[in-house]
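Here the protein sequences line up with chains P, A and C, keeping their order.
Heads up: the first sequence is residues 170 to 777, going by the working numbering.
Heads up: the second sequence is residues 61 to 337, going by the working numbering.
Heads up: the third sequence is residues 1241 to 1359, going by the working numbering.
Just so you know, not all the hints are guaranteed correct.
Stated by the list, open to error - Each computed PhoX-like pair below joins lysine-lysine, with the alpha-carbon atoms no more than 25 Å apart:
| hint | chain 1 | residue 1 | chain 2 | residue 2 |
| --- | --- | --- | --- | --- |
| 1 | A | K71 | C | K1321 |
| 2 | A | K185 | A | K265 |
| 3 | P | K194 | C | K1322 |
| 4 | A | K150 | A | K300 |
| 5 | A | K300 | P | K437 |
| 6 | A | K204 | A | K176 |
| 7 | A | K71 | C | K1322 |
| 8 | A | K185 | A | K202 |
| 9 | A | K176 | A | K265 |
| 10 | A | K150 | A | K265 |
| 11 | A | K204 | A | K265 |
| 12 | A | K176 | A | K202 |
| 13 | P | K437 | A | K303 |
| 14 | A | K185 | A | K204 |
| 15 | P | K715 | P | K194 |
| 16 | P | K437 | A | K185 |
| 17 | A | K202 | A | K189 |
| 18 | A | K189 | A | K204 |
As the list claims (entries may be wrong) - Here are the in silico distance ranges between beta carbons for each label pair:
| hint | chain 1 | residue 1 | chain 2 | residue 2 | range |
| --- | --- | --- | --- | --- | --- |
| 19 | C | K1322 | A | N305 | 25 to 33 Å |
| 20 | A | G298 | P | T525 | 51 to 59 Å |
| 21 | C | K1322 | A | Q147 | 27 to 35 Å |
| 22 | P | T525 | A | Q147 | 56 to 64 Å |
| 23 | A | I168 | C | L1300 | 17 to 25 Å |
| 24 | A | I168 | P | I318 | 36 to 44 Å |
| 25 | A | E247 | C | V1264 | 49 to 57 Å |
| 26 | P | V707 | C | I1318 | 50 to 58 Å |
| 27 | A | L177 | P | S435 | 26 to 34 Å |
| 28 | A | D175 | C | N1288 | 23 to 31 Å |
| 29 | C | L1300 | A | N305 | 41 to 49 Å |
Keep in mind that the hints were calculated from the coordinates and are not lab data.
None of these values were measured; they are calculated from a predicted model.
Even glycine gets a Cβ: it sits at the ideal position worked out from N, Cα and C.
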Amino acid sequence: MQHSHDTHSHSHDAHHHEEMGFWSKYVFSTDHKVIGIQYGITSLLFLLFGFGLMGLMRWQMAYPGTPIPVFGPILEKLLGSAAAGGVMSADLYNSFGAMHGTIMVFLGVVPLAFAAFGNYVVPLQIGAPDMTFPRLNMASYWLYFLGGIVMLISFFLPGGAAQGGWTSYSPLATIIPTQGQTWWLVGMVLLINSSLLGAVNFLATIIQLRAPGMTWMRLPFFVWAQFVTAFLLLLAFPPLEAAGVMQLMDKVFGCSFFLPTGLMISGKVADVSGGGSPLLWQHLFWFLAHPEVYVLILPGMGIVSEILCNNIRKPIWGYKSLVYSLFAIGFLSFIVWAHHMYMTGMGTAISTFFQTTTLIISIPSVIILTVFFITLWGGSIRFNTQMLFTLAFLVMFGIGGLTGLPLGFNFVDLFLHDSYYVIAHFHYVVAPGTIFALFAGVHYWYPKATGRYMCDFWGRVHFWCSLVFMNIVFFPMFTQGIAGMSRRMYDGGANYSAAANKGLLGALPDSAIYSNVIISIGAWMLMLVQIPFIINFVWSIWKGRKVESDNPWEATTLEWQTPTPPPHGNFAVAPTVHRGPYEYSVPGAASDFIPQNQADTKAKASKS
Amino acid sequence: MEIPYTVNARKDTGLYNAKLGIWLFLASEVMLFGALFSAYILLRVGATPGTWPHGLLNVPLGTLNTIVLIVSSVTVVMAWASLKMKQFGKWRMYQGATLVCALIFLVIKSFEYNDKLTHYEVVTKEGDKFHVYDGHLVQEDKDKIVLHPSAHRLYTARAIAYGFGPEPAGAHAAADHGAKEHSDKHELITIQRSTIEHMENYGPKHHAYLAIYFTLTGLHALHVIGGAIVMAFFFGPGAKMWKTNPEQFTNRIEISGLFWHFVDLVWIFLFPVLYLL
Amino acid sequence: MSHSSTPTTGHSTSDGHHDVASEVRRYLIIFGALTVGTIVTVLASYVNFGSSTMNIVVALIIASIKAFLVAGYFMHLISEKKMIYAILVATAFFFAGLMYLTLWSSEPASLIHHQSYVP
Ligand code: HEM
Ligand SMILES: [Cu+2]
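For reference, chain P alone in the conformation it holds in the complex (with noise of 0.2 Å):
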């Protein structure tokens, strides 16, 4: 092992490391990085599955009760009777509404953001060498492995998978007669413990591994932005294991933790001992889900922070408003969850007080995205791919956070509640907002972790197409929303149509209605446009251009200044630390960029 500071060096296959063989290699993996790209691959994977089931749902929406081109026949070969004469049934379109969020959520977007490029990034940016745990970590991606499989079988059950909606709302989700429902809560059970055990990894691993001179103030962002999402998950997920648990026993047991006295189904007296509260469900539901937004968006801020400041040439504007923001939505977000209960009738003075908090929490959102925006002032802007999706974030994430205010108003959410407005809401900060942030992540740090770039090229016409098409699909919901049109309606709303119920005040109109053909088609191009990002993604694996250094975008944050690929162990010395995150066009320096591992400024960074 050598022992020189220069980590920079290009002897790619110098560091020794065990020979092991392919399976302890790259399948039961307990490097972070192996891991890291195991989860990013499979939730890549699953959230094209996720996005499938909606490209789907969006032809029964849009046609209401025609066969799915293609598809359809597919779909009743599969399914059997669920999906005859290949039209979806509406079984089959509650189901397949429900794993949508279920997948996009648990099996998608929080494992790609968090356990991915968290478990690849973090121990880098910190300067240590892997994971404090790291059989745990492999341990939990294979628990959210065996979760995602238990989803995918519950399909296949009769009667197919579960259909109560992602959120599960007891009575509903309990009394529904199939099994899919206990398939579901098994599989979140694993999926829950495979985050509690890669929250408490990350805590531990950021709180314990950080290479000397890493103080607290000295973390990158993205650092930062891991160690609240991982606080929010280890706090926050168990109360919904509870709920599931207890869900589990009402299902398998018969038991009536969510279920009423005098509970009527169909017309009968349902066979429950009754005393049961549907209300409880929801609480510990959403004690989870709201956090968990904040679990889908805070990494996405982190990359995007560093992707900032590394194309600006800039430091942050403002980094201790960025953590002390980050820390006070950790803290409230788990103090707003039943602004999602404005409608249950929990009483007015509760729904004040939740009201209250949530406007509170929205200043430290608007705090961090303003430090973003000044950021970029005055900055000589790098427009490469990464940096591109960057900057729709900022504008994407701003339109779905500030459409969120009005639903925080009670008020207000007595008329927008469970409409199309607030799945605009929602999808603007997830899909063109994290999701992008995630794209920008996975270009710029594909060189670290293969050595060669993606094409630039396709990388902005995926860009630009995907950035077209999701507005296409997003943007007239908020309308379809405001015209009255509720979310998880099989038909799309046709049943309650101007054209339907003619003279009938309220009915929804026309241009409602038509929206869902164009979001439709906007969805198909959407998906369409994903082809070049897949076969970049692949291609670029072999055949995409080499590094020309082990820190291609003249980086700062220590992970650019391993080996490329960072072998076993990561650094041959723990590095030490003497500088900020972002130190970008310090005056009289010799680069425009100082390494955190440099000592001295004068030094040339070297850019071998």
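With the hints as your guide, set chains A and C with the ligands onto chain P.
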């Protein structure tokens, strides 16, 4: 580069990795059991007045189990202290004692479970008259069953609907723990199978109280089992590490001990909440 | 990285025989206290403190004292590191929030539980 602080503490935090890890994990456990406790309170507050059982469980057995767990907590901490004092033999003894305690706890618990699962509520219909019987199943054959009425019973929505609800407040005062008033009812009841309309044991389905009882204690028992498996591993094959890396081994014992104390701690709340209140 | 002889401050790695020996005595005292506490809990449940709410309060106070003894001494929380305190304080806060807000918002809703069962 090796992962640092697996054995020794990091200077600024004063902790070795696993110690921090277990506390983080325990923090999440607090939220897990906390959510179940909030469910307990909600169910209890929301229950029809008079139907939340009082004294349904066997208090002497519960007390005994509490003491067993407390003893095991002491042996766990003594085991760790013995290793600190480099007395491996003593450690073995204490570690073994802990495992025995875990086993006793589980055996007692399974007796309690069995007691509930053999306790039945039976609705009969003779002519057009309904009757609700309640008691432990002591004998059953093809055409009849025999129940032994027990001092404490639950009032389900079903029984209340048939007019067999809780006695009006006052009539029942202060009788909750004593079985004396009921002694006259202690003859066996024989029920013809042909008259049985509905029969259900005191499983989790029977009543909200039993649901939360089985869920809370079941989850707790899973923790006991999990903890015991880990400690049994250290007692057996894992003990080899004492020879090669005594400090890390001591840390491991400390970590598993912290988990075990937490399991004890949960029980300290479960016991009054489920058995006494 | 060397994890050589990092000097440590915590008792978890550096205490000698004497510290531990004196702690052992303390463990036994606490064992006694916990046993007494258990018996007191049981006895207290037979005493009528005026209302069932009061009985619950008394039982929970005794349980909290016992929990404090276990956490404080057996788990050494009394002399733990700042980092652990920080984690637990945050946890306690969110735990309290979960309990309090959930219960607060459930009062009117408890009305729906009171419908009767119609066979
Ligand atoms: C910036 C401040 C934000 C405010 C004030 C806000 C407010 C709200 C409110 C009040 C609702 C409930 C609407 C209803 O069901 O009637 C809601 C729904 C939702 N929000 Fe936000 N939000 C904000 C940011 C975010 C972020 C950052 C995300 C995710 C990354 C997000 C994701 C969601 C999701 C997923 C739902 C819908 C859940 C469902 O019912 O299925 N929100 N938002
Ligand atoms: Cu929310």
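Hints numbered earlier in the text: which of these fail when held up against the supplied structure?
3, 5, 10, 13
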